[in-house]
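**Q** Sequence:
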Amino acid sequence: MAGNQDGSGFDLTGTFAERVLPDLDKDLLPASQMGCNTILNGPTTGLVQLPAGYSQPFFALHRPAPPQGFEFDWGTWVVGIEVVNGRPLIRYLVHFDYEI
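Going by our numbering, the letters in the sequence shown line up with residues 1237 to 1336, in that order.
There could be a bad hint or two in this list.
Claimed, not checked - Result set (SDA-like, lysine to any residue): computed pairs, CA atoms no more than 25 Å apart in a straight line:
1. K1262 x L1248
2. K1262 x L1297
3. K1262 x Q1304
4. K1262 x E1335
Source of the hints: derived by calculation from the structure; they are not laboratory data.
Let the hints inform the model, and build the full structure from the sequences given.
**A** Here it is, written out as structure tokens:
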């Protein structure tokens, strides 16, 4: 996989296991809040919106910052759903977290 890092624009390369799996483990597995067609998030200066071309329906799975911890330590995964032949499939995954 390849792309650009938010904020810096530096190249972002690596395997799924190297780049995506750590954020899935950190933010998706312990997510305690869920929204439908609404992106849940914590404080950030970055834009919290889906990229152009991404659409509803989606679920937002949010891991809020710990009550006694750093308020910017939160993460959200948006899971886009598409129904194909009567079966719901994951269409996209978008990760959000604190951004300067």
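**Q** Hints first: check each against the structure and report whether it holds.
**A** So, going through the hints one by one against the coordinates:
Pair hint K1262 plus L1248 holds up; C-alpha atoms about 19 Å apart against a cutoff of 25 Å. Of the pairs offered as hints, the one joining K1262 and L1297 holds, with about 12 Å between alpha carbons and a cut-off of 25 Å not exceeded. The straight-line distance between the Cα atoms of K1262 and Q1304 is roughly 18 Å, inside the 25 Å bound, and the hint therefore holds. Taken as a hint, the K1262 and E1335 pair is honoured in the structure, with Cα atoms around 16 Å apart against an allowance of 25 Å.
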